[in-house]
Amino acid sequence: MKKLFWIALAIGMPFAANAATVAQGVTLAGDAGGIDAAGSDVSIAVGHPAYTMAAMSLPTEWVWIGNAETVNSASFEFTFDLAGYAASSAILSGEWAVDNLGEIFLNGNLVDGMMTESLRNFQELHSYGTSEASYFNAGVNTLTFNLYDAGGPAAFRATAIVTADVQSGPAPVPLPAGAVLMLGGLGLLGAARARRARG
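All letters in the sequence shown, in the order written, are residues -19 to -1, 1 to 180 by mature numbering (1 follows the signal peptide of the UniProt record, and there is no 0).
A portion of the hints provided could be inaccurate.
As the list claims (entries may be wrong) - With beta-carbon atoms standing in for the labels, derived distance ranges:
(1) ASN127 with ASP62: 17 to 27 Å
(2) ALA26 with ASN127: 32 to 42 Å
(3) THR60 with SER149: 21 to 31 Å
(4) ALA26 with SER108: 15 to 25 Å
(5) GLY20 with GLY120: 15 to 25 Å
(6) SER38 with ALA114: 18 to 28 Å
(7) GLY47 with ARG101: 24 to 34 Å
(8) MET34 with THR60: 37 to 47 Å
(9) ALA(-1) with SER21: 33 to 43 Å
(10) GLY94 with GLY120: 35 to 45 Å
(11) GLY28 with LEU91: 28 to 38 Å
(12) ARG177 with ALA(-1): 35 to 45 Å
Everything labelled a hint here was simulated from the structure, so no lab data went into it. Keep in mind the model is a prediction, meaning the values are calculated, not measured. Glycine residues also receive a C-beta, built at the ideal position from the N, C-alpha and C atoms.
Construct the complete structure from the given sequences, taking the supplied hints into account.
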C-alpha cells in the first residue's frame, strides 16, 4: 500500500523548470521599449548610414535624446523587479552599440564599457552580461547606460534580457488537470484498499 501511495504521489507531482524570463527591454523612440531615457528626457529615433543595422535578438531602433548633433551625453535606464525570483540565479544578457562611448552599470556595478573611440563601437553589435549574484537586488534593479558623444551625431541601440529561477515552492497544478490527477490517485488508493480487504 505504501509503495502504491508513493507511486500515485509521484505521478501527481508537477514537474516544471524553474527558470523564467523576468524582463526584456529594447531601445525604441518615444521610450516605447523599456530601455528609456533617464529623467524627463524622451528618446528620439536617430539614423546614420554608418550605424549597424544587424539584427538583434529583439527589434530595436537607434535612439538619442534631444538633438543628436549637439547633445553630447545621455543616460538610459532599464528597470526590472526580481520579486518572486531567486536573485542569486539571475542572469542579465544583451547587445549594444553606441556612437561613440559608453558604460553599462547594474545597480552601480560596472558590467561593460566601450570607452575608447572606435568605429567598431557603432558599426558592430557588442554582447554584454553578468550572472554575478552580488550585482542583483532581491527587488527592484536598475540597468544604466551612461553614453558620451565625441562630436558629430550621437546614437545608441541596445537589448536587455533578464532570466532567473522562480523562487522555490510548490507549483500549483491547474484545474482540470489537478482534478484528473487527484481522481486518478484516489482511484489507485481505493483499488489497493479493496485488494487488501479481499485478502
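- Message: Are any of the numbered hints broken by this structure? If so, which, sorted upward?
- Response: Of the numbered hints given earlier, those the structure breaks are 2, 8 and 10, listed in rising order.
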